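There are 2 protein chains.
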Amino acid sequence: MAVYTEVTDEDLALFLGAYDLGPVKSLKGIAEGVENSNYLLRTEGGTFILTLYEKRVNEADLPFFLGLMQHLAAHGLVCPQPVPNRAGQALGRIAGRPAVLVTFLEGMSVRRPTAAHCAMVGEALARLHLAGADFNMRRANSLALSGWSELFETARARADEIAPGLAALIAAEIDSLNRAWPRDLPEGIIHADLFPDNVFFLGGQLSGLIDFYFACTDAFAYDAAICLNAWCFEQDTSFNVTKAHAFLDGYARVRPFTRAELEAFPTLARGASLRFLLTRLVDWLNVPAGAMVRPKDPMEYVKKLRFHQHAVSMRDYGWQS
Amino acid sequence: MAVYTEVTDEDLALFLGAYDLGPVKSLKGIAEGVENSNYLLRTEGGTFILTLYEKRVNEADLPFFLGLMQHLAAHGLVCPQPVPNRAGQALGRIAGRPAVLVTFLEGMSVRRPTAAHCAMVGEALARLHLAGADFNMRRANSLALSGWSELFETARARADEIAPGLAALIAAEIDSLNRAWPRDLPEGIIHADLFPDNVFFLGGQLSGLIDFYFACTDAFAYDAAICLNAWCFEQDTSFNVTKAHAFLDGYARVRPFTRAELEAFPTLARGASLRFLLTRLVDWLNVPAGAMVRPKDPMEYVKKLRFHQHAVSMRDYGWQS
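Chains as they are written, first to last, in this note's numbering: chain A, -1 to 319; chain B, -1 to 319.
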């Protein structure tokens, strides 16, 4: 939630010179997205989001992200669409940063999702997985099992500052997941960050998905586990089995889970917990002076991890297969 | 530039229940205003700014601010208008904070104002002063000469951390201004913070003024001095006499300066510099841990103050009266 790079009237005029969107009516920096700077732009030609990619995004990945948004929209998923300029280019530069204009999506995220919301998110996630099937680019998941040890090493020495025993807990979990992690599950394009912030609703219906900047190629069921973690725990981190059932059922109505996916699910959910525990831990320990972003609490994901460590089968998630 | 208080879908639904603005289409936290949280709200009924007043704003002042915006708009000045609910009330509450919906103003602020922009701002400031003439509320300027000593004491001990000799420079300036400060200048409603951020342009014309949360009753020419400081120095703090002339000329075309105002101007400009130097100094020394706002450089206003200390008459501002 931040605006890292200021866009001046002059920067904007230079960038929009390559478009035919008419005179600018307003530009507001918005508190959306953690990795990039985002502006809400209104011109005579419409309303758009202007995104400037900051240092944490690898420029080489941008064609994947932009191509994916175009591909998904062409396959019926509602998500922001890159807007090409007169020369057919969507990727430009503003103030030294890669910049893209995308279409504006109406809707609002929900703070406390109901089971009905969870069911709609499950359906949408499965639709995303199916829609990505014939997308012809790949992107390795840089935050997958293979990357967790390395990430942990950057925070290991100070992890116990947050909670005594945390370093040992994470080390043991990485060992355990290295042994148990499933291979050969169905994979394809996953969103990898489908938190409530990134899902919009309008009039009680899901109206679109945003923020594809963690999207990559990985196991579909792992994406479902990330999503279940984000949507089916209450704010006190108690697990809501009704919401979990609604989410899994919504997903399976569109794309049925395979037997291997269901067997692996508790392990995948542990991995999904560890992944967010690790990035939150690193962010928590590395808040720069003068930071404009408040880091999220890593302990929330310790609690979710502990829940999944005690899960044995899909019955623990309200799901009888 | 921040969103201090999060507004959830539930908070918003509760607040908008008292209005007839139709279904919500989107709500985006925007990076506008330093003191308050601001959201851009789109409903079927239109586009609005939703402002939540944070702790630095005194709730008892809100009727003054809201009444002033209504008064100025009724007198032809383009500025945000509070939108009353069905019960005729503009002031409500969201998430425990006083909250107001105001109309959305089109336009964009300029980063590097030209002399033409300065002339338009001068005119608009004078119009504001005239339009406020028959507004029937008063608000003392809490950041006037009488308050500077007190403000300085909160930062005095640490001022030299920013620049050696800064505490002595400020102490001497307060003494000097206490002796030289003009009395009985024409006064009325002033904006008191008309920086480029708070002035919108559209198609090369001034389209409106925003952020009236420092407005108060004080000398008109002091407001002009604040504005001159904000608009007529370059980014390297060199003084642009062409812009100053354009600004003063624009102002005087609408409301001619009195002889006393012109004589007092260098002193008023020193005071206007000291006022922003002091608040920036205090903010700089008191950045809270985890702050989401980057404080502005106090030294910019030391340089402006030094310029005015060497000014003798209006000729130093490109103005021959």
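Check the hints yourself; a few may be wrong.
Treat identical chains as interchangeable: a pair holds within one or across any two.
The list that follows gives simulated cross-link-like pairs (lysine to any residue, SDA-like), each with its CA atoms no further than 20 angstroms apart [what the hints assert, rightly or not]:
1. 23 with 7
2. 23 with 177
3. 23 with 44
4. 294 with 176
Hints in this document: simulated from the structure, not taken from any laboratory. These numbers come from a predicted model, not from an experiment.
Is it within, between, both or neither when you check residue 23 against residue 177 at 20 angstroms Cα-Cα? neither (57 angstroms within a copy, 47 angstroms between copies)
How would you classify residue 294 and residue 176 at a CA-CA limit of 20 angstroms: within, between, both, or neither? Neither way: residue 294 and residue 176 sit 26 angstroms apart in one copy and 49 angstroms across, limit 20 angstroms.
Checking residue 23 and residue 44: alpha-carbon separation at most 20 angstroms within a copy, between copies, both or neither? Both ways: residue 23 and residue 44 sit 10 angstroms apart in one copy and 15 angstroms across, limit 20 angstroms.
How would you label the pair residue 23, residue 7 (within, between, both, or neither) given a Cα cut-off of 20 angstroms? Within one copy only: 11 angstroms inside a chain, 27 angstroms across chains, cut-off 20 angstroms.
Hint check: violations occur at hints 2, 4; the rest are consistent with the structure.
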